Amino acid sequence: MKPRVHLWTPREAPRGYAAHPPFLPTTEKTLQQDALKQYLDGGMKESSVVYQVTNGKNAMPAFGGRLSDDDIANVAAYVIDQATGDKW
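Here the sequence shown is numbered in this note's numbering, starting from 1 and rising by one per residue.
A portion of the hints provided could be inaccurate.
Claimed, not checked - Here are the simulated SDA-like pairs of lysine to any residue, each with C-alpha atoms no more than 25 Å apart in a straight line:
| id | residue 1 | residue 2 |
| --- | --- | --- |
| 1 | Lys57 | Ala76 |
| 2 | Lys57 | Glu46 |
| 3 | Lys37 | Gly64 |
| 4 | Lys37 | Asn55 |
| 5 | Lys57 | Asp69 |
What the hints assert, rightly or not - Between beta-carbon pairs, the in silico distance windows are:
| id | residue 1 | residue 2 | range |
| --- | --- | --- | --- |
| 6 | Leu67 | Lys45 | 15 to 21 Å |
| 7 | Gly85 | Gly65 | 26 to 32 Å |
| 8 | Leu67 | Tyr39 | 18 to 24 Å |
If you're looking for bench data, these hints aren't it; they were derived computationally from the structure.
These figures come from a predicted structure and were not determined experimentally.
Built from N, CA and C at the ideal position, the CB exists for glycine as well.
With the sequences and hints as input, model every part of the structure.
Rendered as structure tokens:
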């Protein structure tokens, strides 16, 4: 049986699904050190993740004003922990 393909607008795309056409489940794991080193401005550190989550970059929206400073700090700590611990 083939899986059904669902089309969503970017706002409707469920968590874990790409927010751009064709809105298919994302399987790329980007919490790897090499990917983050390339993507983060300022290097592989929590402050760089905080800046990016707050301000956004490329396709990633800014979450400053939508998440509290504590929530953003928790996201940054999680991202760095996952990437540096080779958990992905």
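* Asked: Does Gly64 lie within 25 Å of Lys37 when you go C-alpha to C-alpha?
  -> At roughly 22 Å apart (the allowed maximum being 25 Å), Gly64 and Lys37 satisfy the hint.
* Asked: Do the alpha carbons of Lys57 and Ala76 lie within 25 Å of each other, as the hint requires?
  -> Given that 25 Å is the threshold and the Cα spacing comes to 15 Å, the pair holds.
* Is the Cα-Cα distance between Lys57 and Glu46 25 Å or less? -> At roughly 16 Å apart (the allowed maximum being 25 Å), Glu46 and Lys57 satisfy the hint.
* To do: Please work out if Lys37 and Asn55 have their alpha carbons no farther apart than 25 Å.
  => With Cα atoms ~18 Å apart, Lys37 and Asn55 stay inside 25 Å; holds.
* Asked: Is Lys57 within 25 Å of Asp69, Cα to Cα?
  -> Holds. Lys57 to Asp69 sits at ~18 Å (cutoff 25 Å).
* Asked: Are Leu67 and Tyr39 spaced within 18 to 24 Å by their CB atoms?
  -> Roughly 19 Å apart at Cβ, these two residues keep to the hinted range, so it holds.
* Cβ separation of Leu67 and Lys45, checked against the hinted range 15 to 21 Å -> 19 Å, holds
* Asked: Has the hinted range 26 to 32 Å been met by the Cβ atoms of Gly85 and Gly65?
  -> 30 Å, holds
Of the numbered hints given earlier, the model fails none.
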